[in-house]
Structures are given as C-alpha cells and as structure tokens.
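Q: Residues per chain, in single letters:
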Amino acid sequence: KQEVTQIPAALSVPEGENLVLNCSFTDSAIYNLQWFRQDPGKGLTSLLLIQSSQREQTSGRLNASLDKSSGRSTLYIAASQPGDSATYLCAVNSGNTPLVFGKGTRLSVIA
Amino acid sequence: KAGVTQTPRYLIKTRGQQVTLSCSPISGHRSVSWYQQTPGQGLQFLFEYFSETQRNKGNFPGRFSGRQFSNSRSEMNVSTLELGDSALYLCASTPTGGNDIQYFGAGTRLSVL
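Sequence order for the protein chains is A and D. The working numbering applies: residue 1212 is where the first sequence begins, and numbers increase by one. The working numbering applies: residue 14 is where the second sequence begins, and numbers increase by one.
Errors might be hidden in some of the hints.
[Claimed, not checked] Label pairs and their computed distance ranges (CB to CB):
no.	chain 1	residue 1	chain 2	residue 2	range
1	D	67	A	1240	17 to 27 Å
2	A	1228	D	53	26 to 36 Å
3	D	54	A	1294	26 to 36 Å
In case anyone wonders, no lab produced these hints; they're calculated from the structure. Just so it is clear, CB atoms sit at the ideal spot from N, CA and C, and this is done for glycine as well.
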C-alpha cells in the first residue's frame, strides 16, 4: 500500500529565503507525482506534475525534482514571498488508482 | 474555460440527516473523483466515476455513495450523518482519469452538529 510522507509538517521562514519541502513515498512504481498548493479553507491548486520518466519540472520560482528509485521528491521555492504562505501537498499516482496524498507542509513566509 | 464547480460551498446538518453534494467538472472532462479532507486524516479518496460508472472506491462505509450523470456532473450522498463526517469534501476532474493532472474544485465544507 502506497504511503506518502511530508516533512516538515510546518515551516516558518523570513521573506526572501530559498526553501525546500520534502515528500517521500514507499512504492517507487509510480506514473507521476503532483505538487499542490492549498490556501486555508480552499481547494487544491496544481503547481507541478512530474512524470515518472522525468527528473524535474520548473515553473517560475518553483522547481520540483523526483528520484523515483529512492522514493523522494522535493519542491524548491526560490526567493520566498508572503504570498507563498499556504499548505503544500504532494500526491503520487500509480496508474489507474486514486491519488495518494501526503498530509502536507504548512508554510509561513514572514515579511 | 470554467473550472471545477462544487455546490454548495458550506453546509450545516445535524446527526442522522442526509446530504447531497454536487460537482460539475471542467467541460470535456469525463472523470470525477471525490475526496474527504479532515485535519487528522488528511485527504482520503472516496470514489471515482468515469462515463457514469464507478471505477474506483475508497475505504468508506456504505453511507457514502455517489453517481455521475451523462453530462459528467457528479453527486455524492452521505446518509445518516455522524459528527465525524464533518470535513471539506473536494472533487477533482480529469479528461480520462488515470495519469492525467487532476483539477480540484474549491470544496464543500460540511459541518455536522
């Protein structure tokens, strides 16, 4: 059974700092991994999707990497801003099965 | 293109009642999945519908049910509500499911008193 873990559960950083969020999964037989952002009380916004054959994906200040063999992914946020404050979730897709989510990292960027 | 629309946004019910939530997927998307999000358990998969057929089901009691209509809109129903059913219910749509990116709605916040 696939399990996804995100560390740390919460993180507080000063504005402008670069930071890394971690995601690990137990079964490396995945098709893709997706990073989401969730603002309080809101739905999920897809940030990046990495296919199993890819090593990384970039969008603006965000860079996500994937090491399938070790069951790890990282989300790198450059030059953090207060508007980046949210909960970040990773989810793995193992084919025609539901997404399995981690419990998220709650990020606070302090001005 | 309109996103995934969930209605209502907020609901307050009492124990024992039943509730129906609605999800309209992105136009052209045929797969709709439902998730329950609680602070303790995180996001848990309820079920997925594709072309009006339930394709996957999570580990929830039979009080939770769903359906999908020919226009791909989906509803989920919870009968005999319990306090523990209080949660944010999210739906997501994809063109065909499987490996596609999932697009989420804003959710329905259900409070059971």
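Q: Does each hint hold? Answer for all of them.
A: Now for the hints, and whether the structure bears them out:
For the hinted restraint 17 to 27 Å between residue 67 of chain D and residue 1240 of chain A, the CB-CB distance of approximately 24 Å keeps it satisfied. Between residue 1228 of chain A and residue 53 of chain D the beta carbon distance is about 30 Å. The supplied range of 26 to 36 Å therefore holds. Between residue 54 of chain D and residue 1294 of chain A the Cβ separation comes to about 28 Å, which falls inside the hinted range of 26 to 36 Å.
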